[in-house]
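The primary structure of each chain is shown beneath.
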Amino acid sequence: MTNTDVIVIGGGPAGLAAAIAAKKAGAEVLLIEREARLGGILKQCIHDGFGLVRFGEKLSGPEYAERFIQKFDEANIEALTLTFVTKIEKTPEGIRLTAVNRNGVVQLLSKALVLATGCRERTAKQIFIHGTRPSGIFTAGTAQHFINLLGQMPTKKCVILGSGDIGLIMARRITLEGGKVVGVYEAKSTPSGLTRNIYQCLYDYDIPLYLSKTVTRVFGDDRLAAVEVCSVDENMRPIEETFEIVECDSLILSVGLIPENELAENLGVELDPRTKGPVCDEHLMTSVDGVFSCGNALHVNDLVDYVSESGECAGKAAANFLRRERTEIELIIGKNVQYLIPQRLDLNAEDLKTVLYFRSREVLQKNSLILTVDGCDVYRKWFSVLRPPEMERVEFDFGPLGLTPQSQVYFRIEEVERT
Amino acid sequence: MKELVCIVCPNGCVMTVNSDGQSITVTGNKCPKGEQFAYAEETNPTRTICSTVKTAFPYAPVLPVRVSAEIPKNRIFDVMCEINKVVLRQPIACGDAVITNVLSLGVDIIATSNILKQSS
Amino acid sequence: MSKYQKICKKIAQLSPEVSVKEERGCIVLRGEVDSWETAVNAGKLAAKDAQYIGVVNDIRLKGFVEHPRLPLEHDASLDEMRPDVLIIGGGITGCAIARELSKWKLNTVLVEKGPDVAYGQSRANGGVVHVGINFSKHSQKHYYNIRGNSMYAELSKQLDVPFEQKGQVLLCCKKWERLLVGALKLHGKSMGIRGVCWLGREELLKHEPCAPDFVIGGMYMPTGGITSPMEMTAALAENASANGVRLFLNTAVLDMETKNGHIVSVDTNRGRLYPKLVINAAGVYSDKIAEMAGDRTFTIHPRRGTDIITDKKAGYMVKTSMEKSPFSILPYQNSQIPRGPLGRIKFMMNILHSNTKGIGLIHSIHGNMLIGPNAIETPDREDTATRREEVEEIIKVQQHVATDLKFSDIIAYFTGVRSATYEEDFVVRRGIFTDNIIEAAGIQSPGVTAAPAIAVDISKWAVEALSSNMAVKKNDSFDPVRHAPPRLAHMNEQERNALILKNPDYGVIICRCEEISKGEILDALNSPLCVPTLDGIKRRLRPGMGRCQGGFCSPLVMQIIAEHEGIPLSEVKKSSVESVVTFGETKGAAV
Numbered sequence: 011m012t013n014t015d016v017i018v019i020g021g022g023p024a025g026l027a028a029a030i031a032a033k034k035a036g037a038e039v040l041l042i043e044r045e046a047r048l049g050g051i052l053k054q055c056i057h058d059g060f061g062l063v064r065f066g067e068k069l070s071g072p073e074y075a076e077r078f079i080q081k082f083d084e085a086n087i088e089a090l091t092l093t094f095v096t097k098i099e100k101t102p103e104g105i106r107l108t109a110v111n112r113n114g115v116v117q118l119l120s121k122a123l124v125l126a127t128g129c130r131e132r133t134a135k136q137i138f139i140h141g142t143r144p145s146g147i148f149t150a151g152t153a154q155h156f157i158n159l160l161g162q163m164p165t166k167k168c169v170i171l172g173s174g175d176i177g178l179i180m181a182r183r184i185t186l187e188g189g190k191v192v193g194v195y196e197a198k199s200t201p202s203g204l205t206r207n208i209y210q211c212l213y214d215y216d217i218p219l220y221l222s223k224t225v226t227r228v229f230g231d232d233r234l235a236a237v238e239v240c241s242v243d244e245n246m247r248p249i250e251e252t253f254e255i256v257e258c259d260s261l262i263l264s265v266g267l268i269p270e271n272e273l274a275e276n277l278g279v280e281l282d283p284r285t286k287g288p289v290c291d292e293h294l295m296t297s298v299d300g301v302f303s304c305g306n307a308l309h310v311n312d313l314v315d316y317v318s319e320s321g322e323c324a325g326k327a328a329a330n331f332l333r334r335e336r337t338e339i340e341l342i343i344g345k346n347v348q349y350l351i352p353q354r355l356d357l358n359a360e361d362l363k364t365v366l367y368f369r370s371r372e373v374l375q376k377n378s379l380i381l382t383v384d385g386c387d388v389y390r391k392w393f394s395v396l397r398p399p400e401m402e403r404v405e406f407d408f409g410p411l412g413l414t415p416q417s418q419v420y421f422r423i424e425e426v427e428r429t
Numbered sequence: 032m033k034e035l036v037c038i039v040c041p042n043g044c045v046m047t048v049n050s051d052g053q054s055i056t057v058t059g060n061k062c063p064k065g066e067q068f069a070y071a072e073e074t075n076p077t078r079t080i081c082s083t084v085k086t087a088f089p090y091a092p093v094l095p096v097r098v099s100a101e102i103p104k105n106r107i108f109d110v111m112c113e114i115n116k117v118v119l120r121q122p123i124a125c126g127d128a129v130i131t132n133v134l135s136l137g138v139d140i141i142a143t144s145n146i147l148k149q150s151s
Numbered sequence: 032m033s034k035y036q037k038i039c040k041k042i043a044q045l046s047p048e049v050s051v052k053e054e055r056g057c058i059v060l061r062g063e064v065d066s067w068e069t070a071v072n073a074g075k076l077a078a079k080d081a082q083y084i085g086v087v088n089d090i091r092l093k094g095f096v097e098h099p100r101l102p103l104e105h106d107a108s109l110d111e112m113r114p115d116v117l118i119i120g121g122g123i124t125g126c127a128i129a130r131e132l133s134k135w136k137l138n139t140v141l142v143e144k145g146p147d148v149a150y151g152q153s154r155a156n157g158g159v160v161h162v163g164i165n166f167s168k169h170s171q172k173h174y175y176n177i178r179g180n181s182m183y184a185e186l187s188k189q190l191d192v193p194f195e196q197k198g199q200v201l202l203c204c205k206k207w208e209r210l211l212v213g214a215l216k217l218h219g220k221s222m223g224i225r226g227v228c229w230l231g232r233e234e235l236l237k238h239e240p241c242a243p244d245f246v247i248g249g250m251y252m253p254t255g256g257i258t259s260p261m262e263m264t265a266a267l268a269e270n271a272s273a274n275g276v277r278l279f280l281n282t283a284v285l286d287m288e289t290k291n292g293h294i295v296s297v298d299t300n301r302g303r304l305y306p307k308l309v310i311n312a313a314g315v316y317s318d319k320i321a322e323m324a325g326d327r328t329f330t331i332h333p334r335r336g337t338d339i340i341t342d343k344k345a346g347y348m349v350k351t352s353m354e355k356s357p358f359s360i361l362p363y364q365n366s367q368i369p370r371g372p373l374g375r376i377k378f379m380m381n382i383l384h385s386n387t388k389g390i391g392l393i394h395s396i397h398g399n400m401l402i403g404p405n406a407i408e409t410p411d412r413e414d415t416a417t418r419r420e421e422v423e424e425i426i427k428v429q430q431h432v433a434t435d436l437k438f439s440d441i442i443a444y445f446t447g448v449r450s451a452t453y454e455e456d457f458v459v460r461r462g463i464f465t466d467n468i469i470e471a472a473g474i475q476s477p478g479v480t481a482a483p484a485i486a487v488d489i490s491k492w493a494v495e496a497l498s499s500n501m502a503v504k505k506n507d508s509f510d511p512v513r514h515a516p517p518r519l520a521h522m523n524e525q526e527r528n529a530l531i532l533k534n535p536d537y538g539v540i541i542c543r544c545e546e547i548s549k550g551e552i553l554d555a556l557n558s559p560l561c562v563p564t565l566d567g568i569k570r571r572l573r574p575g576m577g578r579c580q581g582g583f584c585s586p587l588v589m590q591i592i593a594e595h596e597g598i599p600l601s602e603v604k605k606s607s608v609e610s611v612v613t614f615g616e617t618k619g620a621a622v
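Top to bottom, those sequences are chains A, B and C.
Per the working numbering, residue 11 is the first one in the first sequence, and the count goes up by one each step.
Per the working numbering, residue 32 is the first one in the second sequence, and the count goes up by one each step.
Per the working numbering, residue 32 is the first one in the third sequence, and the count goes up by one each step.
Each hint can be trusted.
EDC-like, lysine to aspartate or glutamate: derived pairs with alpha carbons at most 20 Å apart:
1. C:Lys437 / A:Glu280
2. A:Lys190 / A:Glu238
3. A:Lys286 / C:Asp435
4. C:Lys437 / C:Asp342
5. C:Lys79 / C:Glu455
6. B:Lys104 / A:Asp58
7. A:Lys68 / B:Glu101
8. A:Lys363 / A:Glu402
9. C:Lys344 / A:Glu99
10. C:Lys491 / C:Asp466
11. B:Lys33 / A:Asp214
12. A:Lys166 / C:Glu616
13. A:Lys167 / C:Glu609
14. C:Lys93 / C:Asp65
15. A:Lys97 / C:Glu526
16. B:Lys33 / B:Glu72
17. A:Lys100 / C:Glu524
18. C:Lys344 / A:Asp282
19. B:Lys61 / A:Glu67
20. B:Lys116 / C:Glu616
21. B:Lys148 / A:Glu84
22. B:Lys85 / C:Glu616
23. A:Lys166 / C:Glu609
24. C:Lys437 / A:Asp282
I should point out that these hints are in silico values taken from the structure, not numbers from a laboratory.
Construct the entire structure; sequences and hints are all you get.
This is the structure we're talking about:
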């Protein structure tokens with residue numbers, strides 16, 4: 011049995027950053043990756059725009075990953091690739107993992123565990139698309155895998171449902187490869203992806219974006235032949251008289267990502283229904299002692315830079331993990347806040363300097379994030395605009411507040427005068 | 032007067048551009064990059080493109096590439112045509128040029144992955 | 032007025048466009064109507080009189096043209112074949128018959144029009160091995176269900192197919208329902224159904240810990256079980272094939288030549304065969320095949336049914352297969368009950384006959400919860416498209432029973448078409464008007480349960496029929512045992528480790544949701560009944576049936592298939608020849 015300080019599951023940007031940070035903090039680290047190569051989903055994200063925050067450069071996904079893989083290699087961290095974790099248990103000696111790879115069944119024991127398991131895409135059935143079962147229905151990530159890793163063209167003429175970033179990126183990518191994108195349909199009244207992607211991926215290539223419209227049905231016995239689209243009302247219900255048929259050979263879906271937390275759930279980790287990721291404290295430790303979460307497994311990020319940042323936070327904390335009592339208080343969220351990470355604060359921590367990630371519930375102009383403790387305003391930050399697709403990050407030190415287990419810590423977003 | 036969304040960074044500033052044929056004034060940008068972008072959009076809009084090139088290696092049938100600097104927006108598909116002609120028969124590293132000075136635009140097409148080097 | 036005249040009168044009231052005749056002992060309806068409901072209702076009226084062999088309903092729906100999906104392959108690979116037996120249909124019934132016949136030294140050929148076995152009703156099936164308490168005592172459904180049920184444990188063991196017998200539960204909400212359930216129990220006892228008992232709420236919770244609060248108890252029927260219809264059908268086909276039966280997929284029967292009540296030849300898309308005996312196990316097309324053979328005495332009126340599958344995480348909500356008793360009124364329906372006694376009776380009848388009758392919750396053999404199916408009449412025999420309103424209706428109704436059920440638990444749904452006859456019974460018999468056909472027609476629920484028993488009778492009749500002209504000998508080398516390829520996720524660590532040491536491909540996980548390795552996919556590609564398509568692999572091993580629905584694994588599975596078959600990626604199909612996944616290489620090659 012291999013015995014180590016920190017095991018990181020997942021070799022994407024979050025896992026790489028976590029492993030590097032844990033090693034730097036002095037821990038023996040082992041990273042487990044189910045694919046043959048490190049880099050995670052970045053391997054297929056060949057478009058640029060990664061690393062602006064961290065490196066001040068516009069890198070492509072593989073280049074961004076490469077920078078971390080280099081550091082990872084330099085740090086001499088052990089990685090088990092093509093290795094799949096089948097079981098995790100918490101035992102008195104630590105966290106026990108069972109994994110399989112080409113050498114057999116492997117048993118591993120670790121003091122702390124970082125879950126950097128990423129996310130998966132919502133599927134056609136999960137958004138209740140009906141009709142026949144032809145080939146030609148892909149999630150955007152699968153289409154991306156075919157085009158960017160296998161050099162295979164999954165479509166000549168497609169409809170894209172959902173204006174998530176991967177869908178927008180794929181609209182441009184398919185166009186560059188000679189495919190036709192008939193349109194991008196978004197059931198919501200505002201786009202889900204970043205504004206700049208709407209411009210540089212759709213408008214630059216004359217691809218129309220249809221808001222408040224969705225795909226309800228597919229046709230075709232063998233290969234997809236057409237889809238049925240329609241407008242939706244404010245409750246997202248199809249409006250009968252607006253149905254129309256659009257001919258295409260593919261339906262590409264970019265309708266949301268779901269953090270992958272099946273392993274976490276098996277360990278009994280408490281999940282936040284809003285983020286679909288674990289409930290964490292300021293060190294990104296989950297409700298299970300010694301188990302940490304980061305990256306898209308924690309919550310779906312729109313920028314990889316913050317994925318790496320959360321990985322570093324989790325990795326460092328995992329290396330420094332000492333079993334001790336936690337005194338936790340809830341960070342309560344209210345008006346206009348879709349979610350906030352961390353969800354809890356461990357008052358026993360030495361340092362309460364915390365990075366907060368949050369999203370607003372809707373598009374808001376000229377609003378402030380307001381923090382109150384026991385009813386008193388203690389912090390305000392003004393934003394000229396807040397959009398749900400664009401995660402916001404603030405740093406805040408809770409130390410000076412002198413919080414007690416009875417403190418009511420409450421975040422809300424409200425329209426207030428800029429101070 | 033027209034409205035323009037800056038695509039330089041994720042902020043996506045909505046800018047107002049005034050052009051009287053002589054001079055260009057930009058408002059709404061949070062940083063100087065926005066002004067540069069607006070100016071370029073008015074005079075010579077440029078873009079980055081990312082794509083792949085074919086390889087002769089079965090484990091990586093395509094290799095990701097991008098342009099080393101922005102190219103004129105109206106040359107995107109011409110450059111794509113050049114990219115599509117390439118078949119890599121030698122493993123190259125991330126950052127190596129696949130095409131130098133593509134279409135005499137003063138820009139290279141460079142590899143953005145190390146997969147061929149790592150796997151060879 | 033004779034019964035015939037009464038039927039004529041009633042049908043005339045329904046639609047003046049329909050003619051009613053008595054022909055060859057059958058009641059025959061013809062004409063053209065505007066609504067399918069009228070055509071079906073006319074058939075149901077005609078079936079009310081049991082003195083006929085069956086209802087031949089040829090009423091057409093105005094503007095509706097049937098378009099059976101036929102395989103694109105055209106060759107002569109079966110031309111001039113002279114098998115002793117030709118089985119038409121590779122569903123669970125046809126494959127069970129094939130296996131049963133392989134116990135005899137016969138030249139048996141099975142043809143299936145789809146690209147895989149279990150491609151019709153058998154694929155869109157929840158897998159319940161039924162108790163059969165609600166069948167009429169004199170029906171074939173009862174006769175074969177009770178026999179089939181008792182064969183399942185042994186058969187599953189021989190063929191290495193998963194089978195669980197945790198029972199079936201009928202939930203009751205009101206005390207008086209116990210009386211009606213008691214009557215059902217007596218009925219069951221008189222039919223030979225064992226072990227049925229009433230359980231109070233406390234006892235019931237041991238079997239179904241998530242039964243909703245308003246359930247006061249229920250009827251527990253221990254003989255209910257669950258199988259995997261796809262795995263069972265494939266196992267039957269593989270075992271039949273190992274014992275000498277030849278199976279041809281993508282092969283459709285297009286026509287037959289008959290002479291003096293005898294089938295001379297059978298035309299397919301792969302040539303003309305001259306079988307001595309034909310067995311009709313053609314599912315939703317079984318009346319068409321009977322018609323070609325001149326032996327039609329029945330009509331299939333296709334009935335759609337939709338099932339919903341949840342994530343395995345929601346599988347805990349049901350442990351057996353449970354449904355509310357046909358009499359029970361759920362709390363949400365209380366407010367809908369009319370006041371007057373007549374209204375109440377009418378309401379009860381409606382509940383008994385509503386389309387959602389029979390919808391239940393099933394703990395599938397793979398651990399998911401299955402919800403459904405509903406029952407909707409359709410003129411289209413292959414209308415397997417799902418519909419929003421139906422799926423939403425099923426979920427809403429079942430949320431009253433599975434109270435934790437959320438829309439986000441659902442990972443997939445599918446529709447199948449049942450081959451219902453107007454008599455609502457199987458047509459398992461020797462030919463009446465044709466001497467060399469045997470019918471295994473109109474097999475809908477409980478066909479999965481009944482198939483092994485049907486196969487026993489049909490095989491016996493086939494051997495009898497052939498024996499008049501030839502000596503039919505036992506197949507001494509018949510081996511009833513089939514070994515399923517290893518499923519590593521179900522093994523303990525030592526077994527798993529040992530297998531990976533022998534074959535490292537078993538250690539490479541391709542499907543993360545269902546934990547399926549490359550080695551297992553290669554096993555399926557090397558199996559006796561290899562279907563090297565995405566669906567062929569998915570249906571055998573389940574990659575793509577988990578919560579990601581193939582998003583991660585489908586490109587990987589395609590690569591394994593392409594490599595194994597030595598074909599380019601773009602030649603790997605989802606299922607049929609035309610169901611291409613990719614159009615070839617990027618870089619302009621596709622355009």
